[in-house]
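Enquirer: Using mature numbering (1 follows the signal peptide of the UniProt record, and there is no 0), the letters of the sequence shown map in sequence onto residues -19 to -1, 1 to 373.
If you're looking for bench data, these hints aren't it; they were derived computationally from the structure. A hint or two may mislead.
[To be verified] Label-pair restraints from in silico Cβ distances:
(1) P242 - D146: 22 to 28 Å
(2) S34 - N200: 32 to 38 Å
(3) K17 - D146: 46 to 52 Å
(4) E29 - S147: 31 to 37 Å
(5) K17 - N200: 37 to 43 Å
(6) A297 - N59: 18 to 24 Å
(7) A156 - A246: 29 to 35 Å
(8) K17 - D369: 49 to 55 Å
Backbone N, C-alpha and C fix where the C-beta goes; we use that ideal spot for every residue, glycine too.
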Amino acid sequence: MMKKSIGVGLLLLTLSASAQTTPFVLHGRLDQSPAKWIYLKYVDRTGEEKLDSAQITQGAFIFTGQLSQPTKALIKTNRTIIPDEENLNIALIFLEPTTMQVKAVHNQFRSLTLKGSKTHDEFNRLTALHAPYLKQYFSLRERSAQLAKQSPQTGDGDSRQSQQDSINQAIVANAVAKRLVSYRFIEDNPNSWASAYELDFFKSTWPVDSVRRLYGRLNPNIQESLIGQRIAEKITMLDQANTAVGTIAADFSAIDASGHPIRLADYKGRYVLLDFWGSWCAPCRAGNPHLRKLYQAYRQKGIEFIGIACEDKPVAWRTAIEKDSIGVWKHILDTEMKGDRVVGSQKSIARKYAVDSFPTKVLIDPKGVIVGRYNGGNDSQLDEKLKDVLGN
């Protein structure tokens, strides 16, 4: 899932928090690699995303910079790649304002070692707790793929569908169990920066009362940091927006991609799926084929899709709609943006729905009540909800 900051308030907090900074040095070793350069992507002392590069000389490299707190970073041999199962030369690490040493091997970045970062050690501990659930998830996904490849046989359609339904239910249960591990880790480790980053990841997914409770347990120094301020702002936004499951969906009006006026209230009596996305968002684009399948499966059963693109590039937006073949449903350009940040007033649809991570999908029932909110590129929970309310 891709994260974007919302609000000019965060910028002011960031500027005030960036006064106290400390240098970091990252000494690195990369073996058996043809790469000449290596890249480090992280949030610097001002709260801005930075992509740094270092030349690899006889397998050695070095990065230096300024940090105001431990921060999440991506280290990779290609400046454009993003974390993905197929990308073997990219890894998530945690930098600290100190001297660190990282060692990696070509095509084995997931097994790299980083010394000198306590936060990275804590993150590895959380990763180890998640490992059994990830293993089960990949096993379930493989079973689903094998089931889909089976040649259809006369009379076995119901059986195959039943098996697929069982797999989908197991995937959802596995995801719930994995999130509970994260919740307990944060609860048990309030002094850990890894806890703060994990809470930041889930702040748009978990109930606001749960986020507030865990935030209140964090070390005061973490609460006052950049990452802590971001979580606090999200809590405030959710309180003001009142967009939790069970609440009435905020009405909005706009002009769609065809130049026609569109208003949410006009869809009362039907289910509506709001898809907050952007042409710049790789997970959003990767999920569009599945979204097309859902639309084809349910469009005759009483549901409308509305794509809400959060960006300031109309040409890229229209090109993505055409290229991804998603013009079959309504689309709105939410232009309260500055670069890739949502900065608009309450007129911004994204702000009304407290969206700060993409993709985010919001399901609204015929009475106008929010009955589902889904963050990230995994739509298994959305799939189950649509089956539940609209049938197979």
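Enquirer: Take the hints in turn and mark each one as holding or not.
Expert: Here's how the hints hold up against the structure:
{"no.": "1", "hint": "P242 - D146: 22 to 28 Å", "verdict": "40 Å, violated"}
{"no.": "2", "hint": "S34 - N200: 32 to 38 Å", "verdict": "34 Å, holds"}
{"no.": "3", "hint": "K17 - D146: 46 to 52 Å", "verdict": "50 Å, holds"}
{"no.": "4", "hint": "E29 - S147: 31 to 37 Å", "verdict": "46 Å, violated"}
{"no.": "5", "hint": "K17 - N200: 37 to 43 Å", "verdict": "41 Å, holds"}
{"no.": "6", "hint": "A297 - N59: 18 to 24 Å", "verdict": "22 Å, holds"}
{"no.": "7", "hint": "A156 - A246: 29 to 35 Å", "verdict": "33 Å, holds"}
{"no.": "8", "hint": "K17 - D369: 49 to 55 Å", "verdict": "53 Å, holds"}
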